[in-house]
Structure formats: structure tokens, C-alpha cells
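Starting from the structure of chain E, add chain X where the hints point.
2 protein chains.
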Amino acid sequence: MAQELAKLGIPHYYQTVVGDNPMRLQQVVRIACERSGLLIFTGGLGPTPDDLTTETLADYFGAPLAEDAAVLEDIRHKFSRRGRVMTPNNHKQALIPTGAQVLPNPTGTAPGMIWQPRSGVTILTFPGVPSEMKTMWQETAVPFLRSQGWGKEQIYSRSLRFWGIGESTLADKVAKFFDLQNPTVAPYAGKGEVRLRVSARSTSEAAAMAAIEPVVAQLQEIAGADYYGSDQDTLAVVVGRLLQQQGQTLSVAESCTGGGLGQFLTTAPGSSSYFWGGVISYDNQVKVNLLGVKPDTLARHGAVSHEVAQQMAVGVRSRLNTDWGLSITGIAGPDGGTDTKPVGLVYIGIASPDGQVDSVENRFGVHRDRDFIRWLSVCAALDLLRRRLQSSN
Amino acid sequence: MAQELAKLGIPHYYQTVVGDNPMRLQQVVRIACERSGLLIFTGGLGPTPDDLTTETLADYFGAPLAEDAAVLEDIRHKFSRRGRVMTPNNHKQALIPTGAQVLPNPTGTAPGMIWQPRSGVTILTFPGVPSEMKTMWQETAVPFLRSQGWGKEQIYSRSLRFWGIGESTLADKVAKFFDLQNPTVAPYAGKGEVRLRVSARSTSEAAAMAAIEPVVAQLQEIAGADYYGSDQDTLAVVVGRLLQQQGQTLSVAESCTGGGLGQFLTTAPGSSSYFWGGVISYDNQVKVNLLGVKPDTLARHGAVSHEVAQQMAVGVRSRLNTDWGLSITGIAGPDGGTDTKPVGLVYIGIASPDGQVDSVENRFGVHRDRDFIRWLSVCAALDLLRRRLQSSN
Chain E
1 MAQELAKLGI
11 PHYYQTVVGD
21 NPMRLQQVVR
31 IACERSGLLI
41 FTGGLGPTPD
51 DLTTETLADY
61 FGAPLAEDAA
71 VLEDIRHKFS
81 RRGRVMTPNN
91 HKQALIPTGA
101 QVLPNPTGTA
111 PGMIWQPRSG
121 VTILTFPGVP
131 SEMKTMWQET
141 AVPFLRSQGW
151 GKEQIYSRSL
161 RFWGIGESTL
171 ADKVAKFFDL
181 QNPTVAPYAG
191 KGEVRLRVSA
201 RSTSEAAAMA
211 AIEPVVAQLQ
221 EIAGADYYGS
231 DQDTLAVVVG
241 RLLQQQGQTL
251 SVAESCTGGG
261 LGQFLTTAPG
271 SSSYFWGGVI
281 SYDNQVKVNL
291 LGVKPDTLAR
301 HGAVSHEVAQ
311 QMAVGVRSRL
321 NTDWGLSITG
331 IAGPDGGTDT
341 KPVGLVYIGI
351 ASPDGQVDSV
361 ENRFGVHRDR
371 DFIRWLSVCA
381 ALDLLRRRLQ
391 SSN
Chain X
1 MAQELAKLGI
11 PHYYQTVVGD
21 NPMRLQQVVR
31 IACERSGLLI
41 FTGGLGPTPD
51 DLTTETLADY
61 FGAPLAEDAA
71 VLEDIRHKFS
81 RRGRVMTPNN
91 HKQALIPTGA
101 QVLPNPTGTA
111 PGMIWQPRSG
121 VTILTFPGVP
131 SEMKTMWQET
141 AVPFLRSQGW
151 GKEQIYSRSL
161 RFWGIGESTL
171 ADKVAKFFDL
181 QNPTVAPYAG
191 KGEVRLRVSA
201 RSTSEAAAMA
211 AIEPVVAQLQ
221 EIAGADYYGS
231 DQDTLAVVVG
241 RLLQQQGQTL
251 SVAESCTGGG
261 LGQFLTTAPG
271 SSSYFWGGVI
281 SYDNQVKVNL
291 LGVKPDTLAR
301 HGAVSHEVAQ
311 QMAVGVRSRL
321 NTDWGLSITG
331 IAGPDGGTDT
341 KPVGLVYIGI
351 ASPDGQVDSV
361 ENRFGVHRDR
371 DFIRWLSVCA
381 ALDLLRRRLQ
391 SSN
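Going line by line, the protein sequences match chains E and X.
When you line the first sequence up against this note's numbering, it's residues 1 to 393, in that order.
When you line the second sequence up against this note's numbering, it's residues 1 to 393, in that order.
Derived by calculation from the structure, the hints in this document are not laboratory data.
Some hints here could point you the wrong way.
As the list claims (entries may be wrong) - Here are the simulated EDC-like cross-link-like pairs (lysine to aspartate or glutamate), alpha carbons at most 16 Å apart as the crow flies:
#, chain 1, residue 1, chain 2, residue 2
1, X, Lys92, X, Glu67
2, X, Lys173, X, Asp226
3, X, Lys134, E, Asp371
4, X, Lys191, X, Asp233
5, E, Lys7, E, Glu307
6, X, Lys92, E, Asp172
7, E, Lys191, E, Asp371
8, E, Lys176, X, Asp50
9, E, Lys92, E, Glu73
10, E, Lys7, E, Glu205
11, E, Lys173, E, Glu221
12, X, Lys152, X, Glu221
13, E, Lys92, E, Glu55
14, E, Lys134, X, Asp172
15, X, Lys92, X, Glu55
16, X, Lys176, E, Asp50
17, E, Lys92, E, Glu67
18, X, Lys134, E, Asp369
19, E, Lys92, X, Asp172
20, E, Lys294, E, Glu307
21, X, Lys341, X, Glu307
22, X, Lys173, X, Glu221
23, E, Lys134, X, Asp369
Said to hold, decoys possible - Reference excerpt, derived from the structure (chain E facing chain X, CB under 8 Å, subset only):
#, residue
24, Thr107
25, Glu254
26, Thr257
27, Gln263
C-beta atoms are modelled at their ideal positions from N, C-alpha and C, and glycine is treated no differently.
With the rest of the complex left out, here is chain E:
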């Protein structure tokens, strides 16, 4: 939502979360009206008694509620299309304050509204289901806001993504950029990674980009190989693009991540052209039977070792007949760590098109939780492959 508001050039300063309580919800509305002209509500439009948004707003602004026949018919139709009967509690979703416009919901049952209950206050309501909200935003809210004069001046921005460098080290390297006024540069932390956002406000995309692009180029040069992509380009997208450019294919062998590397790679639509699949070798017997890891290696070095990571990468590359094989084996915790092999110890194996194999040891730290260690493992594996693909470019 914040990104969408920026696209329309609407400054967005406050977000508030409040529970299902009419009095507290009304207090929030009062505070919001004092400081903002546009109030956007999500959630609380459903059929249950604690869905209070519409009736609380109607009450606050002193407008009666009326059942909208067209909305009710639409809800009834949606139930019957799915072979279900509309339950009585759904009537509630057809109540709209007098003077408000219905904001149609093409996919779900609860519609939103567009309402100007008093001069200088515009209210938009949306259901809490993200996919429904997105459709309603694009199809109705954006055209409405443009008709109100928004969207002439927009905030344009690029978000630069980094892997392999900490926030304070990066901030120190690029400190002088934080004083810029047009564009502005600000750091923020992603999930295990650092980002820099470069933003400019302008009536023209060309003018904004003319200010943004030279700064982006300087930041990229300072960061070097630690910069991996911009905006929506995740490590999975960047690796996929490099594989496609080089006409190469990839398979994965996963132990502690249990499928997370394949899952992340396939978040990118079209990934089937370079990602062929893999083996989830959670159990050691699967490492032996499906990947050809030697029982002797497992016995001598343990499943979490350079040697096993390498044999997994070689095994999956050869069995799936791909150019690259990438493997992960580690201790994600919370149990299973020892003094010599602590929680957070993760080996990444990489088998290359030229038949070479290599591996890297990571120590993500015993204090980190299982989910985060698994996520760092997936990203570290992709980042290793990214650097190889970029250096062979």
C-alpha cells in the first residue's frame, strides 16, 4: 500500500493498527482526521460480529446505514456460483453508509467504500484479504484518486539490494550520499540483507530517473560485487536471469533447507526454462540412493561437511543432467549442534559446467533461529552461484 501511494505521489506518514473495539477505533479516526486528508482502512468488513469498520465509521460521522440491494445480490450470486448457500450473517456486508459509494470487490464477498463524510476527509475501505485488496485498489481506487488530482507528481524510487555486506559497513562506505536532497538515499534492512532506497519526487519519470540513475550507478560501483539487484529482483530472479542469458540449467540437492532453495527459485514465473528440479535428501539414505553420496564419506566426515556437500552437488548435477548443481547441508537447529559442528554450520556445494566442484563453509551463528538459518542458507547458496555466473560472464 505504501508503494502504491508513492506511485500516486501521495505522502504517507502514519499507519495505525487498532483492535476490534468501536471506541478505540473512533479515537483513531479522530486522530487520523486531524492529521491526514485521506484515510485508508483495511480489514473489518467481513460477516462476523467483530468486523466493525463500516458501522463504526457510519456511527462516528453520524450517517445511517442502508442495505445495498445490488451488493446483496452480488454476494448471493458468489455463493451460489460456488455451490454454497449464503449464510444470514453475510447480509451485514451489504450495509453501506448513506452518501458513500460502493467500491466493488470482483473476487471476494465484502465490498469496500469510497466516502467523503465531510469536507477535507476522504475514506477508502478494503477487505483485509491482500489479493482482493490489490484488485480493488487497481481497478477502482487508483482511478478515483487520479480523478481527485493525485498522480500528477509521483515519488519515483529504486531499491538497491546487497548480499555479503553488513548495514553499518555499507552505510559507512556510502555515508556522503545520505545528505543528498534530490534524490534522497536511505538504508533499510531486508530479511538478512541490506538495501538502499534512492528516491526522487517529480512530475515526470524521465526527470526523476535522470536524478536517480547517476546516484544508483555510483552506489553500485562503490558496493562492487556485493550489489546483486534492484527493486523486485530477488537473488532467485537475478540467478535465473544470469542462467537464461548464458543458456544454462540448474538442479539442487537440499538437506537442512528441505526444499526451500527450490521453492525460492520457483517463485520466479518462467523458472522452468533454467531450473529443472532437484532432490530433497533430508535422510542420509536418500543422499546415498538418489545422489550417489558415498556411505564411507558420510561415516568419516558426517552429513554436514565439505565432502558431502560436494558429492551432493556433483550427484544432482549428473542425475538431472544440468549444467550446474547446487547443494546445501547444515545444522539448522534448534537441536543437533555439537561443539565442533554447532547450530548454524552450513556447507554449500557447487558443481560447475566444466566439471569442477567446490564448497563453502558458513557459520550463521548459534543464536539464530531455525527458519532464519534456513533462509540465510538458501540465499548464501544462490549468492555463491550468482558470483560464479557473473565472473564467467
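For chain X alone, coordinates are given in the frame of chain E:
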């Protein structure tokens, strides 16, 4: 954080998000002081110029900042332990308002603080990194809040989780419970699933549970097999527990989910005792070579079909030598859909310990996005296995 506050019986009514702007941050502090006695801040404690929380609070309450020598030494030590040199911008993290207590950060560099700048106002600050925040909360904030008299009366709750029933249908079935006062019952939407929260406030866990448990039992009975678990019991945890109870093992074959089913199964620590692994057969050739899907079946029925789902399940079960084989093949979109096989069409295959094989067709809808369709597919597969395991119990 909301759950943790409930455990201490601290009523929590408002959450506000505000950008890195001193004036707006101070306005938020003013509003918060008017309505609450405890203010918890997360984020904005780092080394960069837009980390403003500490200095803005000090300014608002008119307290000078002073560098804390012990904190600075701790930060320097953490850098040197990782073989890095502390950059100058890290000095900022050692500044603490006069009168505030340091809230130590055992893992990261930015400490928080505990501060009572005026009567009736208590401030806690934490870094935005969730893992650091959690440790600091448990180790220091909880003992402090207990010392202030909190935690005698707690809010106890159970969250019941459902799959295979919509929110309005469930709400209609259990409508009479929404009027209860002790415990209270409220519905809320999870990611693709519905939940009911049953809560009671009490000085004793036994008294709270005596009120909660009979209501939970009634709700479970009304929902029947659509109820699958409570609280932290995800579908992956519930399926894992059933497999463990029955001494059975599982392997998976995944196409459109690309590893997401294995990833979700292995979120549960200890999953290696029943989950052996699987094959990510994103490419059709992998379905043939590693799972034994017949090329003829692929040619005649297509990869997204009952027949291929069944052969994938049978294939992975036999090659990994597990009791159960579970497979997913579908069209996650946004491209690849046709009139007869639209986006959202997903087949789940299940091969049972007795050698039987079966499959189920799901139509998750063309309007849903790729990530959500993949998530629904993973959950539908686990829910199918859950129902089989429960009926054979």
C-alpha cells in the same frame, strides 16, 4: 510482541508505524503518552543517520544524551570478534539519555533502553531485528515488567485452526459462541485458513483453562474434521505428529510448488524421523527419470493431470522407500493456463502404505496469485494426508 504482552496480562490497544521524521515521531509519542502508560519502540536504533528513535525521545523529554562507555566497548568487542573494525558511525549506538537504563543486546550491536522519563510513562526500545528483539525481550524486558507488578493476571488463549471451511460458514456454525464473555471467542483469518481464538483473563492458568477447555471441545465437535490443530500446530506439525504416532514415513514429489511442501514439512524440528525427502520434478524429464512417470502418460494427459499426480506419488514412495508418497502438480500461473486447464488447477496424488494410490483435483481460482496458489497447494496436500492418517487411526 502482542502475544508476549498478553502473556503478561498487559492490555495492548494500539500499534503505530511512523517514518524516520523527528517531528512526526514526536507527535506519535505525544498521542501515545496520552492514551498509554507503556510505550514500546522497535527499530531506529542503528548506526545510520535515519535511525532517530533514541535522539528523538531524548529531545522530546528534554534529557541530554551521553555516550555509555560500557556499551561502546561491547560494540567494539563484537566487531573485533568477527574480525572487523568498528566503523565510526557505530558510536551513535552508545548514546543513552540521562536517567535511562541500558537494555543489553546479547547478539547485535544496538542496545535498547528502559526509561521512565516522567511519572506514568515507561519506555522500552528494541532494535528492529526480530531475533535480537526476542532475546532482549525475554532476558531483560520480561523480568523488568514483572518487577513492575505485571504478569500476575494473564490473558490465556487457545487458537483453533481449520482447513476446508470458509470463514462465514464457520462463523455461522459457531455464531452463538461470539456472545460469550468468559472466555471470549473471536474469528480471524490466517493465510488461506480460518482460526478461532478462545481467550480468558485470569490470575491462574488452571482457572483460565477451566473456562477455555469446555468451549474449545464444543467448537472442535461442531467443526469436525475441518478442525486440524491448535496454537503453534501447523498442518506440517500435525501431519508430522500423526506420522510419528503411527511409526510411518513420508516422501514428496513436487512440480509447481518446487520444494515448498518439503520446505514446510521441515519447518518442524525433528521432522527427519518421519520425512525422508523427495524429488523436485519441475521439468518433465525429471518426472520421467527420477520418478518413473511414463512419457506416454505425459503425452496423453499432460503433466497437470490425475494420472501424472498418481505416478509421481507412487514413484517417490517406491524410490525413497517410505510408507506414504505425496505429490503436487499444477498450474501456479501467472502464465501457462488454458481454457481446459486454467491457472489454479492443481492435482494432489497420494500413495498409501497399503499400495493404493489416489488423487484429488483442486481449482484454486484464476484470480489468485502464484505464491498463494502454491501455498494453498502445499496445505491441501498436507490436509489430504492428515485426513487419511486420522481416519486410519
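**OP:** Sort out which numbered hints this structure fails and list those numbers smallest first.
**Re:** 5, 12, 14
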